[in-house]
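Asker: For reference, the chains in residue letters:
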Amino acid sequence: MSTEGIPVRVTLNGVAITIEVAPNAVLADVLAESGLSSVRVSCDQNVCGACTVLVDGQPTASCSTFAFQVDGRAVETVEGIAQPNELHSLQKAFVENYAFQCGFCTPGMLMACKALLDHSPHPTPHEIRHWLRGNICRCTGYGTIVAAVESAAGRTEQ
Amino acid sequence: MVNPADVAPVRVAPTSQASRFRIRPFALHRPSSVGDVVRLLGEHGERAVVMGGGVDVVNRLKAGAHCEHLIAVTSVEGLDEVRLEGGHLRIGSTVTHSQFASDTQVARLLPGVQALWVTIGSPRIRNAGTLAGNILSGAPRYDVMPIMLALGARLVFATDEPRFLTSIEVPVDSTPILVYDASHKPVVSVAVCLRPRPEGGQQLTIAVGAAHASATALALDLPAGSSLGAAAEELAHEAVRQLPVPLEDHVASAGYRQHLIRVLVQRQLSELAATRT
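These protein sequence lines map, in sequence, to chains A and B. Final position of the first sequence in my numbering is 158; the numbers increase by one with none missing. Final position of the second sequence in my numbering is 1277; the numbers increase by one with none missing.
These are computed hints drawn from the structure, not numbers from a lab. Cβ atoms here follow ideal geometry from the backbone N, Cα and C, with glycine treated the same way. Do not take every clue at face value.
[To be verified] A few chain A residues facing chain B, derived, Cβ under 7 Å: (1) Asn24; (2) Ala28; (3) Asp29; (4) Ala32; (5) Asp44; (6) Gln45; (7) Pro59; (8) Ala61; (9) Ser64; (10) Arg133; (11) Ile136; (12) Thr140.
[Claimed, not checked] Which chain B residues stay away from chain A? Per the calculated CB distances, all over 10 Å, these: (13) Arg1024; (14) Pro1025; (15) Arg1047; (16) Gly1152.
[Stated by the list, open to error] Chain A is nowhere near these chain B residues, computed Cβ spacing over 12 Å in every case: (17) Leu1109; (18) Glu1161; (19) Ala1219; (20) Leu1222; (21) Gln1242; (22) Ala1252; (23) Gln1266; (24) Ala1274.
Input sequences plus hints: build the corresponding full structure.
Answerer: Here it is as structure tokens:
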């Protein structure tokens, strides 16, 4: 039983760390307070997908996950997908295909798309749209996002 | 890019501006056995909340649900398995939608049911959410309850602890054929299941979601030799006659829901009849 801070061992963007969290601490808040500003909360109810991060490679709503639930697991945010001097192929594709406007959904959208390509390297447009049904974008109409994912998938093939 | 290794471990209180809903502090318990869960529920009673994947629990806590003790059960041994036992498929209460959708026994014994699972929620929901949690949420518009009712499943609770669901058991000694239509949610969803009866003929189970305070079902016996296609319209009318009067709310009138139930049942029965010819 624990009401005080509890240690959470997590591999965060490839780096193994231990953080002490309150049992009721939500993962989105913990990540944001760790300096990962890409993690933002929009609906706060696991509907919109803006807060999507990857936990063990799976899309996860950080707004609706307690920090203790990622103990012993790997968490990835957008800050971790690029190399020091080069954007991830998805990030490049998003830029080239104008796959964002206001950008608020973009970190969560990128992480969801990354999970898709990690699991299914060459998805069809239908598969992309179905996968992204949990990530809402008010700006783009999704067409350019689908094009960006296809472009990144083709780049991966090369 | 901020290197998290450069950030010293700090005690994090929920003071960030990221979340708008605050969850009250609670004591966290992470039991490893069903016995421990039963003991904790006995000790803490109504002050305790059981959490599996947390998809519904976290939202309820954000909405102010009372919780002084959170019992996280994902580490409880034996609950994360799908097992075939004595003619039943036993789905442990921490089995996620993703697990269920990729389980080889489910694929073999309930192929049509497994194919439905890609339509439930989103990848985030399917990875974290459990079938048991979907049922225990009590939300009339959720999908798992009408599907499980149509399949004739039963809920298994811990001995002497009716607050702790340990598994869902689906009879698979005869292969059920199930169709499910949720395209008209939030007005209504309908699941229709056909399975042979040992004594001959077939049992037709019709389950309706989103139309009543909770999902509801009825069973009809079809005599041997009866034509499902020819009887579809009459069976659909009979289903509406036997089901409770649906809800009347801002979404739809009771009459419209009854109309849709009849249409969807008839359509699904015709579909079932067509696939079997």
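Asker: So, for every hint listed, does it hold in this structure?
Answerer: A quick look at each hint next to the structure:
1. Taking 7 Å as the C-beta cut-off, the interface hint given for Asn24 (chain A) holds, the closest approach to chain B being about 5 Å.
2. Taking 7 Å as the C-beta cut-off, the interface hint given for Ala28 (chain A) holds, the closest approach to chain B being about 5 Å.
3. Interface restraint check: Asp29 (chain A) against chain B, minimum CB-CB distance 4 Å, threshold 7 Å, status holds.
4. Here the hint on Ala32 (chain A) is kept, as its CB sits about 4 Å from the closest CB of chain B, short of 7 Å.
5. Taking 7 Å as the C-beta contact cut-off toward chain B, the hint placing Asp44 (chain A) at the interface holds, the least distance being around 5 Å.
6. Of the supplied interface hints, the one on Gln45 (chain A) holds, with its beta-carbon coming within about 6 Å of a beta-carbon of chain B, less than 7 Å.
7. For the restraint placing Pro59 (chain A) at the interface with chain B, the shortest Cβ-Cβ distance is roughly 5 Å, inside the 7 Å limit, so the hint holds.
8. Here the hint on Ala61 (chain A) is kept, as its CB sits about 5 Å from the closest CB of chain B, short of 7 Å.
9. Interface hint at Ser64 (chain A): satisfied, since its Cβ lies 5 Å from the closest Cβ of chain B, which is below the 7 Å cut-off.
10. At a threshold of 7 Å, the smallest CB-CB gap from Arg133 (chain A) to chain B is about 6 Å, leaving the interface hint in force.
11. A distance limit of 7 Å between C-beta atoms decides the matter here; for Ile136 (chain A) the minimum to chain B is near 10 Å, and the interface restraint is violated.
12. Because the closest C-beta pair between Thr140 (chain A) and chain B is about 18 Å apart, greater than 7 Å, the hint is violated.
13. The beta carbon of Arg1024 (chain B) is not kept farther than 10 Å from every beta carbon of chain A, the shortest such distance being approximately 7 Å.
14. Annotated as non-interface, Pro1025 (chain B) brings its C-beta within 10 Å of a C-beta of chain A; the closest such distance is 5 Å.
15. Here Arg1047 (chain B) stays apart from chain A, with its beta-carbon at least about 13 Å from theirs, past the 10 Å limit.
16. Every CB of chain A is more than 10 Å from the CB of Gly1152 (chain B) (nearest about 30 Å), matching its label as outside the interface.
17. The non-interface label for Leu1109 (chain B) is consistent with chain A: the shortest C-beta to C-beta separation is roughly 25 Å, beyond 12 Å.
18. No beta-carbon of chain A comes within 12 Å of the beta-carbon of Glu1161 (chain B); the shortest separation is about 19 Å.
19. The claim that Ala1219 (chain B) is not at the interface with chain A holds, since no C-beta of that chain comes within 12 Å of its own (minimum 34 Å).
20. No Cβ of chain A comes within 12 Å of the Cβ of Leu1222 (chain B); the nearest lies about 36 Å off, and the non-interface call holds.
21. With a cut of 12 Å on Cβ distances, Gln1242 (chain B) stays outside the contact zone with chain A, its closest approach being about 35 Å.
22. With a cut of 12 Å on Cβ distances, Ala1252 (chain B) stays outside the contact zone with chain A, its closest approach being about 22 Å.
23. No beta-carbon of chain A is positioned within 12 Å of the beta-carbon of Gln1266 (chain B); the least distance is around 28 Å.
24. For Ala1274 (chain B), the non-interface assignment is confirmed: its Cβ lies about 25 Å from the closest Cβ of chain A, beyond the 12 Å cut-off.
The structure is inconsistent with the numbered hints 11, 12, 13 and 14, although it conforms to all the rest.
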